[in-house]
Amino acid sequence: MNRKAPSDTALLYRSLEEQAAPHPVRAIRLTGKGAEPLGLLLIDNTVSEAEVASALAALRFPDQTRPATLGQAEEKLPDQAWFRRQLAVEMDRVQQSKLPCALLLITLSGQDAGPGALAEPMAAALAPCLHSGDLLSGFQKNGLALIMPGAAVGKARRRAEELRTALRTAAFLKDTTGVAPNLALGIAVCHAYETIPADRFLALAEAELARAAKMGNDAICQRAAANVEDSCQVTVEERAQLWMQPRKTSRTAEMAA
Amino acid sequence: MTAKTKRSPKIICISSGKGGVGKTSFSVNVATALSQKGKAVLLIDGDLGLANVDVVLGLNVRHTIRETIEEGRDLASSLVEINPRFQVLPASSGVPEMANLSYEEQALLTSSLEEIIDRFDYVLIDTAAGIGDSVLWFNTWSQMNIVILTPDPTSLTDAYALIKVLHTRHDRKRFHLLINSVQSKKEGQDVFANMSMVLQRFLKITPLALGAMPQDKNVSLAIRRQKPFLLGAPESKASLEIIAVADRLIAL
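Residue numbers (this note's numbering), protein chains in the order written: chain A, 20 to 276; chain B, 22 to 273.
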């Protein structure tokens, strides 16, 4: 599959998924790490999660990186409108597949180039690192947006580091003179237990991107898209309750002893 | 061998939040106690990147879960027999990649485990510390969640955080608490009562008490000797409590 525009196979799968939507079936796209989507599994939605997981586990595919077919002249990097549509589709898919989805935004500053002039070479530099199922598009003036279906925070972070290395060593950056370029990478991750709209998800990634840009040094910032009310952080009140009682009890026990 | 009969095992996950609170020592000894009571037990080292069940038991491990994940090797070939009713599935140590399994790898591990666990009455999983992906995954895969904590504020906070994540994000509602290293029975009761009160107040969860392990020098001695304290010091306070915990698990 080529990154810049969905391949015929991908379009066919999408069409099949849309046709399957009104029926009592689950559509699971089989995306290995090869160059092409490997298949589409349509399965009766009465089949249990465990059975589906077991069936999918038996379908293991070789771990391959994608061939570097990006940046070819005849292809154009998808724009933000395409990206927003895909993001909405992938957010729906998170609920259906129960797999997480990560969104990575990358911007480059400090380069003396016109609007849009850097996105294409950046995309070409990232091509060897992309996996099947990744959706890459342009973002803002000189940035990229990468949707990584199935990636949770840990995997998204590792992949962002890999992509950052690819960009740092890219030829188009080595040739430049003057001000050193600054990369900023912002990641947001959503899980099926979070129901957030695509716009909010994008806003979270943008906030992380802004934080990374402020930090400088090619920083990567990330966060899960948990709503405040879903946050698992132990609050001050909870800590106070947890800590007070045992301490008092221990002291009392010591004094009694 | 007893463990060859097809069974419907009870899968129990043993976690803690904080490290160093005695998960592995508890897991190894409670597995030993259950096997002494005639139950077929599988102990899985769920600390996939920094395993130490094999260390606590003094095992020389040839194959681990890693070979199944990376090479597709049959999981049964990695099992180590401790006694006719107690087997261990060891994991690898010093392999960071294993600490963060992908969803595909988790699915592969699940299906591989499902092929071997029906030989056992009990499957115990000694997880890593923390709230990493593999810890949460093992906890959601299990039927029963045991959380081990000590009276230390750090341990209390981390145990609470683990329960909060499992409840909030993975809808787990039943937790059995095991209070370790208590100075007295009363201290164990107080810690449980306090934790129970906080869980009820903030998360609307009522935990269940599994036991309170007393401080006992035989525990650390047994770890250094790489032998379960239940075998090295069967009359010790810790051994008596482990036997009581095993009885409670059987009764559940």
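One should not assume that every hint holds.
What the hints assert, rightly or not - Simulated crosslink set (DSS-like; lysine-lysine; CA at most 30 Å straight-line):
(1) LYS58(B) <-> LYS174(A)
(2) LYS206(B) <-> LYS194(B)
(3) LYS39(B) <-> LYS174(A)
(4) LYS207(B) <-> LYS58(B)
(5) LYS248(B) <-> LYS258(B)
(6) LYS238(B) <-> LYS225(B)
Said to hold, decoys possible - One-sided excerpt, in silico: chain B residues whose CB lies under 7 Å from chain A:
(7) PRO117
(8) ASN121
(9) TRP158
(10) TRP162
(11) PRO174
(12) LEU177
(13) THR178
(14) VAL186
(15) ARG190
(16) LYS194
(17) SER217
(18) VAL219
Said to hold, decoys possible - Covered stretches of chain A, as calculated for chain B (at least 3 residues, CB under 8 Å):
(19) 179-191
(20) 255-263
The hints are simulated quantities; they were obtained by calculation from the structure and are not laboratory data.
Ideal Cβ placement from N, Cα and C applies to all residues, glycine included.
Which of the listed hints are not met by the structure? 1, 6, 7, 9, 10, 16, 17, 19
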